[in-house]
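Peer 1: Listed below are the residues making up each chain.
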Amino acid sequence: MHAASRVRPFRATLERVAVFIVLAALWEWAVDIFAIKPYLLPALSSVLRSLWHNRMMLLEQALVTGGEIVLGYAAAVIGGVLMALAIFTWPLAYRMFYPVLVVFQGLPKIALAPLMIVWVGYGTSSKVLMAFLFAFFPVMITTLGGLAGTPEHLVEHFRAIRASPWTMFRRLRLPAALPSIMDGCKTAMPLAVIGAIVGEFVGSQRGLGYLILESNAQARTDLLFAALVAISLLAGLLYWAIELLARRVWWRAL
Amino acid sequence: MAGIVGSADPLEATVRVLRVSKTFVGANEVRALDTISFHVGRGEFVSIIGPSGCGKSTLLRIVAGLIMPDPGGTVEVFGRLQTAPSNDIGVVFQTHNLLPWLTAEANIRLAAEVQRIDAGEIRERVEAILPVLKLESFRNSYPHQLSGGMRQRAALGQALVCQPQLLLLDEPFAALDALTRDQLNVELLRLWQAIRKTVILVTHSIAEAVFLADRVLVMSDRPGRVIQDLRVDLPRPRDPSSTKSRPDFSRYVVHLGTLMGLA
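Chains as they are written, first to last, in my numbering: chain A, 1 to 254; chain B, 1001 to 1263.
Some clues are possibly wrong.
To be verified - The following label-pair restraints were derived from C-beta to C-beta distances:
{"id": "1", "chain 1": "A", "residue 1": "S232", "chain 2": "B", "residue 2": "A1178", "range": "55 to 63 Å"}
{"id": "2", "chain 1": "A", "residue 1": "V70", "chain 2": "B", "residue 2": "Q1145", "range": "57 to 65 Å"}
{"id": "3", "chain 1": "A", "residue 1": "E243", "chain 2": "B", "residue 2": "R1031", "range": "50 to 58 Å"}
{"id": "4", "chain 1": "B", "residue 1": "D1177", "chain 2": "A", "residue 2": "R8", "range": "36 to 44 Å"}
{"id": "5", "chain 1": "A", "residue 1": "W166", "chain 2": "B", "residue 2": "R1031", "range": "32 to 40 Å"}
{"id": "6", "chain 1": "B", "residue 1": "K1244", "chain 2": "A", "residue 2": "R95", "range": "58 to 66 Å"}
Note that these hints are calculated values from the structure, not bench results. Quantities reported herein were computed from a predicted structural model and do not represent experimental measurements. Don't be surprised by glycine CBs; every beta carbon is placed ideally from N, CA and C.
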């Protein structure tokens, strides 16, 4: 057993919190001692003040960005799993679509952002589309890997008990692939966040990405930091939700 | 020895293997089986032994209908030409086929559910099987929580739940330690004496083959051929201490050992 896990929970929490307190203190004093200009690095206290003053506005913008992320991510998970199923099931789909997908996968998705704005406009859909593009490939690739990685002896067992292809899929291939699919979903979540923010950077009037650009333009670096904190919290919350879901698939590597 | 190797009255045979060969085509062609013929009578317990890589498992998979023999060879099971897996056959492999996300009980039910057997009927069968396999108190355990021996017992349950007339066992206890293995062999024997289904057991242990079987088929090195069909005339019911201490038991073991080039 690792030494750290033997430490009592209270002390372990204390140690973790202590690091944050020291870092926060260093930030606050360094800005003061070295007289750093606020537009370069605002003091921690002014960031916190800005967070508090703008809490409703930040929440509103976080909901906008969060909505874009969740929609794009959900579409990516559904689309990625379905595409992987199609490619796995029909050799024709594999021959036709797989090369195209590999080419698209290699393309930097960021470079597509301006095109998405041109195609679907400045509204929500272009951000949803960006989140989708970022999150789609990891889900599809891991699903495909999970489906193809079903242990051969279990496939033979299902043939021996005369399972239909549908039964084989539902009772063997899908549950066997779930741990990989969940890995893909975990990888895809932070990518969906990046996708939505990039979409907002390129062209929008709402959302945390827009807020970052705006506060930057107005040299309100304290608000910029507050927006960064909001994005971190949002991303952390979304990842945690997926992590909770993934815990229900406990049979990986058994 | 390409002709039909002796057996009980062929009309009573459950399994008829006739001139079965198998060649695996690939980068380099491998001839796994060479014109094998034998019968297995109804209710008979037959062991197949042979050096590893002699095609024992291939032969069993052909009998199970999981792979097809080369053209010219045929397998009949219950008088029907074997072309696909059948409900009347239960198969247990060396690596257990338990699904890690199902409990022992759910794993045993699986094959019956797949074959759409009535739910009440499945419940009855499972309740009957669990005590026989000594898995009652582990019915809700997942495979990773079971010992190796319990896992193989559950795998046996997976095969028994469909009440097959023919059980094909491919070294089911080979991965277990010697003690557990002996114990499970005794349990298998007791089970067989109770249900009297036809059993074909592939093994590489001579003592195991002699202890359990009515007949032992000895296979040669690749390409596998049946080089001897030995009737084991040891009285039943058998049990480890008295059967294994008989002088004729030792004679069978020594004879088979010599045949396989071990002595």
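Peer 1: All the hints need checking, so say for each whether the structure fits it.
Peer 2: Each hint tested on the structure:
Restraint check, S232/A to A1178/B: a C-beta distance of roughly 58 Å satisfies the suggested window 55 to 63 Å. For the pair V70/A and Q1145/B, the supplied restraint of 57 to 65 Å is violated, since their beta-carbon distance comes to about 37 Å. Between E243/A and R1031/B the beta carbon distance is about 53 Å. The supplied range of 50 to 58 Å therefore holds. Checked against the given bound of 36 to 44 Å, the beta carbons of D1177/B and R8/A, roughly 41 Å apart, stay inside it.
A hinted range of 32 to 40 Å for the beta carbons of W166/A and R1031/B is consistent with their spacing of about 37 Å. The given range of 58 to 66 Å is respected by K1244/B and R95/A, whose C-beta atoms sit roughly 60 Å from each other.
Figure legend: structure checked against the earlier numbered hints; the only hint not met is number 2.
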